[in-house]
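**Q** Take the sequences, apply the hints, and build the full model.
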Amino acid sequence: MKKRLSGLSKACRCLLVILFIFMETGVASAQSPVTGVVRDQNGKPVAGATITLKGKKISTVSAEDGTFTIAASAGDLLQITSVNFESYEERIGSNGRNLRISLNNKTSTLNDVVVVGYGTVKKSDLTGSVAVVNVNDAKKTATYDVAKMLQGQVAGVSVQGSGEPGGYVQIKIRGISTFGNNSPLFVIDGVPVDAPFDFSTDDIESIQVLKDASAGAIYGSRAATGVIIITTKKGKAGQMRINFNSYAGMQKVPKTIPMTNREQYQKITSAAEQNAGLTIAPANDPSSPSFVSGVNTDWQHEALKTGLIQNHSVGLSGGSDIVNYNVSLGYFDQTGYQVGPQKYDRYTLNSNLQGKKGRLSFGAKVAYTQSHKGNYAATNGHAVFGGTVTSMLTAIPTLPVYDPNRLGGYGGSDQVINRAISANVVGINKLVNDYSNRNRALLNAWGELEIVKNLKYRLNLSYDRTDYKNFHYEPKFDMGYYYLNDKYYMSEQLGRANTGLIENTLSYLLQIGKHKIDFLGGMTYQEDHSEYITGTATDTTDLLFQTFGAVANANAKGVTSYQDASTLLSYLGRVNYNYDDRYLLTINYRRDGSSRFSPFQRYGNFEGFAAAWNVANEHFMHLPDAISSLKLRGGYGELGNQNFANYRFQSYMNNTSNYVFNEVLATGSTVVSVADPSLKWESTNTTNVAVDLGLFNEKLTFTAEYFNRVSKDIITDIPIPYSVGSFPQTLTTNAASVKNSGMEFTLTYRNKAGAFSYNINANAYTLKNKVLKLGGANNPIYGAGSKTEIGREVGELYGYQTEGLFQNAADISGHAFQTASTAPGDVKFKAQNGKENDNTYAITDANDRVYLGSAIPKLYYGLNVDLGYHNFDLSFFFQGNSGSKIFNGVYQAVMAGQYGNSHVDELNYWTPSNTNTLIPRPVIGDPNGNGRFSDRFVESGSYAKLQNAQVGYTIPASVLERTHVFKSFRLYISGQNLLTISKYKGYDPDFINDGLFSRGFDYGSFPNPRTLMVGLQVGL
Amino acid sequence: MLNIKYRILLFFFCGSVISCNKKLEQVNPNAQTAASFWKTGQDALEGVNAAYAPLLLDGAYMRFTPILLDVRADDVRSNSPWTAISQVGRFTLGTSIPDGYGWAFDEYYEGISRCNQVLDNVPDIEMDASLKNRILGQAYFLRGLYFFHLVDLFGNVALPLTSPKTTADFFVSQSTEENGWKQVMADFKQAIDLLPVSYNDNDVNGADHGQLGRATKGAAMAYLGKAYLFNKMFSEASAQFKAVIDLGVYDLMPNYKDNFTEAHENNVESIFEVQFSLTAGGTDLGWQGIPSSTWGKTSARAITFGARGFGWTDVQPTFSVFNEYQQEKTIGGEVDPRLDATIFYNKPGGEPMYHTTFLNAYGGNPADLNDIFCRKYENGDGNKGDEYDWKSGINERLMRYSDVLLMYAECQNELDNRAECAKFIQKVRTRVNLPDREAEFSTFTQEQMRDQIGHERLLEFCLEGHRFDDIRRWGWLQDPAKLAWLKQRDEEFNSYAPGKELYPIPQGEIDNNPGTKQNPSY
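Residue numbers (our numbering), protein chains in the order written: chain A, 514 to 1533; chain B, 20 to 541.
You may find that some hints are simply not true.
Below, in silico cross-link-like pairs of lysine-lysine (DSBU-like), each with a Cα-Cα straight-line distance of 35 Å or less [what the hints assert, rightly or not]:
(1) Lys536/B x Lys1348/A
(2) Lys1252/A x Lys1286/A
(3) Lys1070/A x Lys989/A
(4) Lys506/B x Lys1343/A
(5) Lys1343/A x Lys1496/A
(6) Lys366/B x Lys989/A
(7) Lys501/B x Lys1348/A
(8) Lys403/B x Lys1283/A
(9) Lys943/A x Lys403/B
(10) Lys41/B x Lys1070/A
(11) Lys856/A x Lys989/A
(12) Lys1286/A x Lys536/B
(13) Lys1252/A x Lys536/B
(14) Lys989/A x Lys58/B
(15) Lys1343/A x Lys780/A
(16) Lys58/B x Lys1070/A
(17) Lys1348/A x Lys519/B
(18) Lys1343/A x Lys208/B
(19) Lys1286/A x Lys1212/A
(20) Lys1070/A x Lys636/A
(21) Lys780/A x Lys506/B
(22) Lys506/B x Lys1348/A
(23) Lys1286/A x Lys251/B
(24) Lys1225/A x Lys276/B
(25) Lys989/A x Lys276/B
(26) Lys41/B x Lys1225/A
(27) Lys780/A x Lys768/A
(28) Lys184/B x Lys1252/A
(29) Lys818/A x Lys856/A
(30) Lys1225/A x Lys536/B
(31) Lys1070/A x Lys276/B
(32) Lys58/B x Lys251/B
(33) Lys982/A x Lys41/B
(34) Lys1283/A x Lys536/B
(35) Lys41/B x Lys969/A
(36) Lys1286/A x Lys1371/A
(37) Lys519/B x Lys1343/A
Facing chain A, according to a computed beta carbon distance under 7 Å, are these residues of chain B, among others [to be verified]:
(38) Pro100
(39) Ser115
(40) Pro179
Don't read these hints as lab results, they were simulated from the structure. From the three backbone atoms N, C-alpha and C, an ideal C-beta is built for every residue, glycine too.
**A** The following block contains the structure:
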């Protein structure tokens, strides 16, 4: 990396030298001092307010007690600005002493500055679709991951998560626009980053979501899935402030699934064996000496515990006009609620420095993270079917948790006595040591020089490096049938990934009369490198020390490594035109070159434009007074995407396709995977129209947006015939095309009545998805219980329709043929060609499966209600969605009627004397395929959650002042995931999955826990 | 002043742009591009070695091909909890889960793709001509072998004969079973002309000299004969088997059991076998996927077929075959030694089993004590305590000389040379000390002889994947009396339905190769 970047760094060094040559220092002329004090409406001093002499380059900042001194003379116009307050102007009279300035709390957000790509823009000047997240609301969700924080907070942003500590969170903006990674681009303090979960959410100052092409276009090749811009806390001029935030709480699974106990289990399984013509397993047969009557394990009780979550951070900030700083340290720790040592902890450092000297502005950021994640469900040779959540449920009650007679000390199912393959998740969690450690450094430095007035050159350099270690050790153990490990297995992967980025931009602001034009042009270059080395060892003697040095047998060790690199070169340009704050126009252009494409397909050109009309500023119209703002805007743009693996346009020799002659390895080389040399850029075209309305001096604001987004040339692995002989049986190519459209509504209302204040923030959106093309022969793509085909949605649920149960032989012979073993009590699957009563017709997967519902909600919504009364505050956050269906894979597993444990619903299985039921007869081997994907397991996915409720108390300033230590002090208690309104039979309708072709399939995701916690926010 | 500033800026801006442009050319540091390969004899040899490698994959001989060949027949049953195995025996596989049979289908085509790469590229390489011929011969042989499996198990399949040049070439249309067999025969014929009789011959002087396990002329002839036999072309088949016999390099091993252990691999009876090894390669189980240097070269057959308490017992012999072994005693009045080589059972007098005996292992459990388990291709002779490490190094013998002898005998019966037939049947019997009944057999009618051949083949090849092929090609599934007899011998035949003698074409092939039709009954 160092060597590869040396050419660049040479160029950078020269540029920096030039920057310093250009540096000049401005000297202000001295004037007589004017003093004053800034207070808020309640008379509390306002610290850190900026006091500027309008028209002159003189400014200062109010001190902790609100006082300031500034060199000014009579007749000068003072402008006082501060975050959260309306700006205020006062002309200095002849006696410029002891000015008493009272600031009004801000209600209007029109003059808020919104961060967009490579710059900022006033909210009222926006032309594209940019959502500003209410960070205070979002931060009430206790999580390590900013993506989870956004759940329900922004129209158009969908989030699915799980309760696994450090687990993956799925986030999408405006649906699926690619068949790979649909996660948006995160930009933190101007640096595009992957894996934003590494960074502490405490450090976040603001979040903006760029949803459409015109807003995102400046990030071009990486913005097709949307952009989330995060700004972390910066220092402010004034005394040093210390902030301390802390919370700690307990987490539990909010729901228990009713499972059968020992006797019930034995009854069902014995019936299943008898129905299959088998003898009863000895453990379940009261006449056998091996009959189990003394064990009755409730696996949910044994494998679940109370998890702990805690987060602490301390931040220092301060500075002067010249330079300011913010340094914060954070610690997050979450233990799992499933028994075992699995947890996620993270230490973070974030420091920002910025300053200004004359015509040069500069800044630097250093962020460092160290995290550890203990992984569940990790075995090498032994699949934990459905993961540890499903396996916890299907574990049989006749299995003890502990068994000192078995190697490792955990209970196991016996192949002869129990006949069940049953994972002991407690044993697996505790015996298998599997973790991932990450160390990440994000470094960024920038300098901006105002070459002449309004012409700025900016150089931004960043380097982002992650070092990781994935470790796995699995000792020898005996947990019964199938879970028998007679060799230890150790694997250690050490890897690193780094990204170097250099950005040169030049901007110019031209103002002629009422015309205001912003020009931006630039070039960016990014280089990504990654590599890893993996060592493995396996042998018959357990290791006392889990190191490779301890492995004596050289033949027991193996090692492999991999490296890759990619580069991206882009040219970008943007023009913002503003006429009299009435007519606004934005034009974007970007040209990207990527190493991931052959020289013939390397570059993609992407452009966007948007326009807005501030109707409320129009002179010829007179809107009613109640309307404080009204804007119509619309835009169109194209974005590129190249978010897929490197080197895919060429086919490569695999040099390890080895065979054996005379017991000696013979090197084999061959092309294993076919490639498409004509791979090219994906592109996404978005049309966006919106209206922004503000009423009653912006107390009520409302935004409605419609978008239509067509993604084409989506790079995907299209299935190819097996007969090609390639592995995998897919070709990575530009194949698919998908359309997403939807409406988004956002409403905020804030008001104050005496000591009572309230703030309501609601959003709702719809999403429609339609597949336009799948490539190749446009064959459908099958997922888990799903099918994706042209003209329909991605990942629609798909399977058999059922028609009740067969009651007798006549019933079977009068119905379409299913299998030769179909018997009374089996499920009737519907033939879809009108032959459901024709026994000469055999139902088949090809002809008789149908769509069973949409996995994409029709409506998503979120509602934040914040209430304040004197020093108390109370907030509620609801989020949910409706109109989707879920394929409940967990229910499918616990209603299988095999050797695993069952849901209590299974007790109502069909027998000749219990015919009024829809639960089929249990039968080992399931010859009729009763457990196949069918509407039996499809459930409504609609839910509404009380995601968060919080009560806080802020100690009054008057009390705190007496301490002379505390500047602010707030205590709160909070509950999360307190209530879920849903008909779903699984643990949680908010579950994690692939988010794509199998997005409606719940395989047994870790349910989101219910959390109760207390927190403290202190300012010094 | 300003002008100079601009010029300097412009210089750096453009300078960095030009240097970055070159950076967009990134070369994969991990592997060679296909375009730069196929230049030398070594490349050619590595290419054909890779064509053997799919034989070791899960769907092939690591696990599922033996399952797919064995479990359907009347000598084998499965009570596996894994339906991909147990439904094979019951003829109840569906098409929604392609586990097992789908992997086999896919992996045979991976082998064919690798053969086609050799056949496309090696002819143009400037290299030793005789080595080139041997390499091409092996590629033809292996392609024929993979096609043989496809046509035999799946019927109507696509027959790709070259590597795809463009994506349009991905879609090779489904062929008929008849054309499939023609291709199998054509490939084996090509191979016969190009392959050496033995790699120990002096004129085999390349890097392949002395490498046991490579395809030979005898292997290609035996398989060509087998393909003819499966198509009832008895005189053509007979000629090939005769040619194999006349090569004079093969013989029966004195001890039948030596064909199924690690100790006597690539022996004089072995015509073609898949090479597994406990020592070559890495330690990971190389089930399937993109090959890695960490992959071992072991088989998972032993653990899958293994006896209860020593393996997963997904596959077991039936009592009907167990009983059939007892029908005829050896000259010394002992039980047929092939029974002890094939099945673990509660043998009177005690039978050693792994580090214990059958009686000790199951004495506490009457159900198991009276049960029988697979022994052939298991590591149960005391060298291992059990099979739970998943790894077996025993080579899978695909074509044994005794098979050639019995197939030759079968041809003679069909061609009405009963005496010749009887002679070769007895030859195989004599090795295991069964009484000489050559004279008696010579008097059999053709029909009687067919039944005798069925009996002899069953005992000789139990658990070697031949029985169901025999049942099918002899038409027993269409013969109500025979089918009833099979149902009596193995109740799994109760759920047999016409058409189920072929496996389903995996849905992935039907979905993605337009025009491909599913086999009837699926």
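**Q** Tell me, which hint numbers fail for this structure?
**A** 8, 10, 14, 18, 19, 20, 23, 24 and 32
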